[in-house]
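Participant: Here's the letter readout for the chains.
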Amino acid sequence: AQSVTQLDSHVSVSEGTPVLLRCNYSSSYSPSLFWYVQHPNKGLQLLLKYTSAATLVKGINGFEAEFKKSETSFHLTKPSAHMSDAAEYFCVVTYRSGNTPLVFGKGTRLSVIA
Amino acid sequence: DTAVSQTPKYLVTQMGNDKSIKCEQNLGHDTMYWYKQDSKKFLKIMFSYNNKELIINETVPNRFSPKSPDKAHLNLHINSLELGDSAVYFCASSRGRDSTGNTIYFGEGSWLTVV
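Residue numbers (this note's numbering), protein chains in the order written: chain A, 1 to 114; chain B, 1001 to 1115.
In case anyone wonders, no lab produced these hints; they're calculated from the structure.
Treat the hints with care, as some may be off.
Straight line, CA to CA, 27 Å or less: simulated DSSO-like cross-link-like pairs of lysine-lysine [unchecked claim]: (1) B/Lys1041 - B/Lys1022; (2) B/Lys1067 - B/Lys1041; (3) B/Lys1041 - B/Lys1009; (4) B/Lys1040 - A/Lys42; (5) A/Lys42 - B/Lys1041; (6) B/Lys1019 - A/Lys42; (7) B/Lys1044 - A/Lys69.
Some, not all, of what chain A presents toward chain B, calculated at C-beta under 7 Å [claimed, not checked]: (8) Pro18; (9) Arg22; (10) Gly43; (11) Leu44; (12) Leu46; (13) Glu66; (14) Pro101; (15) Phe104.
Owing to the predicted nature of the structure, the values given are computational and were not obtained by experimental measurement.
Where a beta carbon is used, it is the ideal one built from N, C-alpha and C, also for glycine.
Take these sequences, add in the hints, and give me the full structure.
Facilitator: Okay, structure coming up:
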């Protein structure tokens, strides 16, 4: 079965420093990969997605992610953290084969320290 | 205008009661979903409807019954509420089935607390 693993449950960075949120997925067929962000008491907002086009995907708010098939990874990065980036981040996978639902990672909570 | 809207946002109710959460999307999508987020923030799909027809029904108790009167609405009715039903329920929608990689748009969630 497909799965996605977010390697860190909590990441803490200082404002202005780089952000790295790690995600690995199980390899099966052709994956579509997403990163969603959830701010406190809010719904989920799409940051970016990969669907077999360019392997480096740029999203909103300065985030980007690189699809690396050899490493089965889709890590999320941002060069410089902002206080407003503090939120829960979810890596999500689905497969373009059959009727497969989205599979969510367990989330990474990003804290940004002033 | 909110793309995916769900009501109520907060709901506190007693065990044994029956409650409904309503969801509407104005994006013209043909697929709608209900997801459950537990206290550890883990999200899991419950149901998926495409053009008003049920296409995904994960292992959810029969007490949960989705109703899709039309493509723009997917309501969730819960009978005989239990303490373990306390969670955040997210409605979502997409164009086409999510296996095609289409973006899924989420509502802001409904916080259900069963006491």
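Participant: Take the hints in turn and mark each one as holding or not.
Facilitator: Evaluation of the provided hints:
1. B/Lys1041 - B/Lys1022: Holds, because 22 Å separates the two Cα atoms, which is no more than 27 Å.
2. B/Lys1067 - B/Lys1041: 25 Å, holds
3. B/Lys1041 - B/Lys1009: 17 Å, holds
4. B/Lys1040 - A/Lys42: 15 Å, holds
5. A/Lys42 - B/Lys1041: 12 Å, holds
6. B/Lys1019 - A/Lys42: 22 Å, holds
7. B/Lys1044 - A/Lys69: Cα-Cα ~25 Å, so holds.
8. Pro18: 24 Å, violated
9. Arg22: 17 Å, violated
10. Gly43: 4 Å, holds
11. Leu44: 4 Å, holds
12. Leu46: 6 Å, holds
13. Glu66: Since the shortest Cβ distance to chain B is 17 Å, the answer is violated.
14. Pro101: 4 Å, holds
15. Phe104: At 4 Å from the nearest chain B Cβ, A/Phe104 passes the 7 Å test, so the hint holds.
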